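Sequences and hints are given; from them, build the entire structure.
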Amino acid sequence: MNDLSQPIGDMHAEKLELLEMMLREEGGQFNSFPLSFSQQRLWLLDQMGLSASAYNFPAPFRFTGTLDVNVLRKCLNEIVRRHESLRTIFISVSGQPVQVVTSSLCLPLPVVDLRDMPGPAREYETARLAREDARLRFDLSAAPLLRTTLLCLSNDEHVMLLTVHHIVFDGWSKRLVLRETAALYEAYLKGEPSPLPELAVQYPDYTIWQREWSQIEFENQLSYWRRQLGQDLPVLDLPPDQPRHKLQSFRGKAQARELTKALSDVIRAMSAKDNSTLAMTLLAAFKILLHRHTRQEDIVVGSPIAGRNRQEIENLIGCFVNTIVLRTDLSGNPSFRELLQRVRVVMLEAYANQDVPFERLLDELRLKRDFSHPPLVQVLFNVLNFADDEIRTASLSIQSILFDDVESKFDLTLYVKEKNDRIQLIAVYNTDLFEQARMTEMLAQLETLLQQIVEDPDRRIGDYTLVTENAKKQLPNPAQRLVAQGVVPVQTLFSRQARLAPGRVSIADRCERWTYGELERRSNQLANYLLSCGVERSDVVAIHAHRCAGLVWALIGVLRAGAAFLILDRKYPAKRLINQIEQASPKAWVQVGQPAQLEENLRVFVERRPWKCQIDLPSRAAALESGFLEECSDSAEPVEVEPDDLAYIAFTSGSMGKPKAIEGTHRPLSHFAQWHAKTFDLGESDRFSMLSGLSHDPLLRDIFTPLHLGAALFVPDAEEMLSQGALAQWMRQEAITVAHLTPATINLLTGIEPGAEILDGEFFSLDSLRYAFFGGDVLTRADVSRFQRLAPAARCVNFYGTTETPQAMSYRVIQGSAEQARHTVPLGRGIEGAQLLILNPYGGMAGLGEVGEIHIRSPYLAKGYLGDQPLTNDRFITNPLTREASDRLYKSGDLARYLPDGDVEYLGRCDDQLKLRGYRIELAEIEAALCEHPCVRASAAVCEDQGAEKRLLGYVEVKDGQEVTASRLREHLRQRLPEYMLPSMLTIIPRLPLTPNGKLDRRALLASSRIEQREDPFAPADTPTQKELAEIWIDLLRREQVGVHDNFFDLGGNSLLVMQLLSRVQSNFGIRVSASEFFNHPTIDGLAEAIETTIIERSDPSRIDELLCLLECADGKAFLTDPALSDSPASSFNSVLHLNKTSDRR
790 MNDLSQPIGD
800 MHAEKLELLE
810 MMLREEGGQF
820 NSFPLSFSQQ
830 RLWLLDQMGL
840 SASAYNFPAP
850 FRFTGTLDVN
860 VLRKCLNEIV
870 RRHESLRTIF
880 ISVSGQPVQV
890 VTSSLCLPLP
900 VVDLRDMPGP
910 AREYETARLA
920 REDARLRFDL
930 SAAPLLRTTL
940 LCLSNDEHVM
950 LLTVHHIVFD
960 GWSKRLVLRE
970 TAALYEAYLK
980 GEPSPLPELA
990 VQYPDYTIWQ
1000 REWSQIEFEN
1010 QLSYWRRQLG
1020 QDLPVLDLPP
1030 DQPRHKLQSF
1040 RGKAQARELT
1050 KALSDVIRAM
1060 SAKDNSTLAM
1070 TLLAAFKILL
1080 HRHTRQEDIV
1090 VGSPIAGRNR
1100 QEIENLIGCF
1110 VNTIVLRTDL
1120 SGNPSFRELL
1130 QRVRVVMLEA
1140 YANQDVPFER
1150 LLDELRLKRD
1160 FSHPPLVQVL
1170 FNVLNFADDE
1180 IRTASLSIQS
1190 ILFDDVESKF
1200 DLTLYVKEKN
1210 DRIQLIAVYN
1220 TDLFEQARMT
1230 EMLAQLETLL
1240 QQIVEDPDRR
1250 IGDYTLVTEN
1260 AKKQLPNPAQ
1270 RLVAQGVVPV
1280 QTLFSRQARL
1290 APGRVSIADR
1300 CERWTYGELE
1310 RRSNQLANYL
1320 LSCGVERSDV
1330 VAIHAHRCAG
1340 LVWALIGVLR
1350 AGAAFLILDR
1360 KYPAKRLINQ
1370 IEQASPKAWV
1380 QVGQPAQLEE
1390 NLRVFVERRP
1400 WKCQIDLPSR
1410 AAALESGFLE
1420 ECSDSAEPVE
1430 VEPDDLAYIA
1440 FTSGSMGKPK
1450 AIEGTHRPLS
1460 HFAQWHAKTF
1470 DLGESDRFSM
1480 LSGLSHDPLL
1490 RDIFTPLHLG
1500 AALFVPDAEE
1510 MLSQGALAQW
1520 MRQEAITVAH
1530 LTPATINLLT
1540 GIEPGAEILD
1550 GEFFSLDSLR
1560 YAFFGGDVLT
1570 RADVSRFQRL
1580 APAARCVNFY
1590 GTTETPQAMS
1600 YRVIQGSAEQ
1610 ARHTVPLGRG
1620 IEGAQLLILN
1630 PYGGMAGLGE
1640 VGEIHIRSPY
1650 LAKGYLGDQP
1660 LTNDRFITNP
1670 LTREASDRLY
1680 KSGDLARYLP
1690 DGDVEYLGRC
1700 DDQLKLRGYR
1710 IELAEIEAAL
1720 CEHPCVRASA
1730 AVCEDQGAEK
1740 RLLGYVEVKD
1750 GQEVTASRLR
1760 EHLRQRLPEY
1770 MLPSMLTIIP
1780 RLPLTPNGKL
1790 DRRALLASSR
1800 IEQREDPFAP
1810 ADTPTQKELA
1820 EIWIDLLRRE
1830 QVGVHDNFFD
1840 LGGNSLLVMQ
1850 LLSRVQSNFG
1860 IRVSASEFFN
1870 HPTIDGLAEA
1880 IETTIIERSD
1890 PSRIDELLCL
1900 LECADGKAFL
1910 TDPALSDSPA
1920 SSFNSVLHLN
1930 KTSDRR
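End of the sequence shown sits at 1935 in my numbering; the numbers just go up one at a time, nothing left out.
Please keep in mind that the hints were generated in silico from the structure rather than gathered at the bench. It should be emphasised that the depicted structure is a prediction, and the values quoted were computed from it without experimental measurement.
Derived pair list, reagent style SDA-like, types lysine to any residue, alpha-carbon separation capped at 20 Å:
1) K1198 to P1146
2) K1401 to S1327
3) K1062 to V1243
And the structure:
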């Protein structure tokens, strides 16, 4: 008899109705059964197309000794005969899954001979074949749901590849296969019958028992889980090494580490002394590791349990495993022993309530649907306490083995195994999220942690370090002596260049060019005038200016007088400038440009202040030829200053909306300029651009790096700074070689598409640019990619620093393809004389991957906050690792981690961590996804705080001549981002606002009126297809009305309802819609469009009569076959579907 290998799920609706009728006959007494809760979830994942081969269960075995292949084949088929679970298929009837047990099944055992291969090639081929077999997907509607292949490595060594779908198999089942194979093999080899007793019950009995379990006991256990998990359940958010995909992937690898026997013995002894199990001790240590890598104190992990708490099912192969959820509070920095007791209580309570299926917990907790993460728990902890991974018989050794390439159903699973008195730690991790080096280091950190724990379990958990011996080679040494070098002030370095080459151009704007000699004379005149008015060393001089050459003239003149400057950007509102003047208390006022441009309240405020002098400098030097400064000497020697004298006052955003005044000194200014030039080989032939905001400290890099070198500095005017594409044309015209940029200015630069033709017929690109130094915001690889298309020859460098540091204190040279693995560009390492120390919340040095706060260590920091000693003491601290008063750190407030190579990766702000529904949100990732849309020029994402609620908002700037709707953008995002990262509102605006410093102005976005297209309003069904779908939705979701743009899952839909919906769609439209296709179009509009445009393939009606042939209906038996498939490999099976009416236990 031929067999049915065509999946039953693919039958035409007419034939499925026939099968349904048969399954319902005589009160449903055919051999079909409901699924267990675990099976139901696995079936749904398969139908949704989300599991692929993730739930294949590879169970390879190594046979050492002389192997009789025919005897082994007989053993395997006896095991299949004994266990109905291995002869089960799964089909859908009216959208509801049922399992059907086939009467018999002959399992083939093909043999692959690898004996002729050399040793290394043979092992490689074995692993490759194992990997391929493990990734070959099963069709749950077609038997068998297991595969076997025997690899012959030598005459006395074989590897059997056994792959079974998890829906009929689990880890305990693997042990049963090992035991039964060993017992049967020895008996059959001797010609004896099976020594194994017949099984009293089968897996379907368990599924029925599970459904009929005592409701009272079930509610008691469920109440525990509601209390334990019902309140603000967090997502364990291990920062990934690559962006998380919209759909969870399952590609994985295994990484192992074995503890020494001595350490293993001490851990076991300590566990016993504390009345705990080994699992409890190791879980407590693992939770410390997770706590330190996530900065979370509420740690939730899953742990599988055998689920075989009835004696009669202990010897059954099947999917019995259940997952319990272990939630532990690590707050308060407890000692390890205190934490161990917390873990112990949680585990004992969880074990006492283990009968509630994990799948029922998912339904009960009503977690928001998100297919990017494993549900409820993202990390698993599994102690493998099976004693028999290897069985030796009289003729064979049979050993369970593990290959490195595995499927990872969770972000991370830690397996614990005892072998030869040693504890083995095995990390199975998702390779689309984590790199191998990260996992290797995490296992080493866990061992380091355990070593410290057994030495002193009464220490606070924050006192243990995760810095391994390997990490010490990569991380900065926090005790290394950093000595401030003697520096020459930048104004003195400038004067040297003026004497060396007075005729060289120093600065140029649109209207005029200043030589070094001219700038030297003019600044000397200004310095002499200030001194004559009583301005003293370190007095603050306010400079109210716009972007022009005159601003540089004023700065150098103030510095040469020994004074300090405060730049007041005239773009800022008068109220803010008045606040800055009040805080800085300047003694003199320098106005660059026309004073009439002052706002009235600022003008009055300035007039009423007691200044030592007020100076109006024209924007152009030529206007001074007969002015008051002509009476001052142009050759006066500058006032001598000390490196730690005040050089300038800068402001940065502060808490409560009040800007903070920062005191900058000469030392860091000069140090950075000289390091900058030396490190990147900058010289007098370079042409620099002044693009930074006037009150933004990178402006000082723009100015003083070129002027201390004798290079030229070019200044664009306001129109060129603000016009899309005009800035890039200006840079090309001036042949700029060095530019300091913010990521936001890339939008201005790329307003003209790279490669577009300009008037002279040449192709537009910034060929002259040698270096682009980025700072001020998170730099993404998408930013770099866009910029490099415009300036292909430029080397891109990511700078990191704060106004308090006060210049860039770390850098990372971007190495092209090497950056493609990460969404954002790392911050790199400290510049000469600086370190980026990442300290954990307990003040200790962070290990590789451990999340902590960046503390910048350097003798080149700012003095502190003007007039705010408490804040200075809070943010500028003594190095806790050396406790030397002169060893200062600046607490940046930035969260980061060390990468495996020791570079620093920025993760967000300590005080403004964006989390929604337990998920950490990367705004840059949302922005990058929006910018992938062909109509989008630029985008921004912000978080709106509405008290107890937070909303994610997206803003989009559309390219000229393009149109796009919010709903289309949302659909675009759905294809790229997890559900939790989708903005609640998408806003289309003419232009994204920027601060005067060139950064994206997120506050302005939140405060602005909504002049965008909002989300599409309620839209009723219009077309016949939409109306018919709407009726189905209303019935299934129990809603009074649904709109065509409403998301099925947002209205309360779940996976089971999806299957019922698709069954109804197939019945009504005669079209089989795959669950994965529906997931891509979870709206009536999207689904109707897919149906109407025949995106979904229709069943081929020409094969209706062939698909299902009822060959025999006698003696209570029915066999379903497809004669067209008689040549398929499945034809070796005796029958696929056996419907048995006589089974009275059902």
